[in-house]
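For this one, chain D is given, so just place chain B on it according to the hints.
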Amino acid sequence: KAGVTQTPRYLIKTRGQQVTLSCSPISGHRSVSWYQQTPGQGLQFLFEYFSETQRNKGNFPGRFSGRQFSNSRSEMNVSTLELGDSALYLCASSLEASGSEQFFGPGTRLTVL
Amino acid sequence: GENVEQHPSTLSVQEGDSAVIKCTYSDSASNYFPWYKQELGKRPQLIIDIRSNVGEKKDQRIAVTLNKTAKHFSLHITETQPEDSAVYFCAASTVGGGSNYKLTFGKGTLLTVNP
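If you read the sequences in order, they're chains D and B. This note's numbering puts the last residue of the first sequence at 258; the count rises by one with no breaks. This note's numbering puts the last residue of the second sequence at 134; the count rises by one with no breaks.
Calculated directly from the structure, the hints in this document are not laboratory data. A hint or two may mislead.
[Unchecked claim] With a straight-line cut-off of 20 Å between C-alpha atoms, the simulated DMTMM-like cross-links for lysine to aspartate or glutamate are:
| no. | chain 1 | residue 1 | chain 2 | residue 2 |
| --- | --- | --- | --- | --- |
| 1 | B | Lys41 | B | Glu24 |
| 2 | B | Lys56 | D | Glu246 |
| 3 | B | Lys126 | B | Glu34 |
| 4 | D | Lys202 | B | Asp46 |
| 5 | B | Lys61 | D | Glu246 |
Isolated chain D, as found in the complex:
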């Protein structure tokens, strides 16, 4: 099976712009979670989608949003980018939403100038 894929792998944006990141889970996986990884804060949970529904959300401002499509692919959007949004954004998929192993994608490296 193909692993979790994320596109694009690298992005450079300027403050105030918006960005959309994409995640394709492992075939058959219905749960997709998103994380922000920074050197100082580690891995921070953004949100989790299961069967097109957002089931859980972390402590991030409303500028961070996401969605999941019927084929389980997911996108996250960040509007009005700030310098502090520079990070590695990781998505992870799992078979179910109840404690099964999460498989991470390679991440999208976002740099905000």
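Below, chain B without anything else, positioned relative to chain D:
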């Protein structure tokens, strides 16, 4: 919400020695505790996990222990090798029973194994 503290933030050992990384969690409802290894420039990968109905789990050179009363769990790596060098993350979550699946991670431990 859940809060996970991880110590130490960096750990340097000699090849062949053991390494221990400790985590504490705050939410007594947490019942699933995975450990992830992230090599430089790569994605995190699950190396072992434990559920709250067991106190210890082993997989070759890796073991995890859980103390529910004290709300802490630890990763033990024996006979360390240079390829064990990576950042290790602990995490905690409440799973099952209709609860939502949200992993809360510790901030990571950079393990360096010196040849």
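Hint-by-hint comparison with the structure:
1. B:Lys41 - B:Glu24: Holds: B:Lys41 and B:Glu24 sit about 8 Å apart, inside 20 Å.
2. B:Lys56 - D:Glu246: Since the Cα atoms of B:Lys56 and D:Glu246 sit roughly 13 Å apart, the hinted pair holds (cutoff 20 Å).
3. B:Lys126 - B:Glu34: violated (24 Å)
4. D:Lys202 - B:Asp46: holds (17 Å)
5. B:Lys61 - D:Glu246: holds (18 Å)
Of the numbered hints given earlier, the model fails hint 3 alone.
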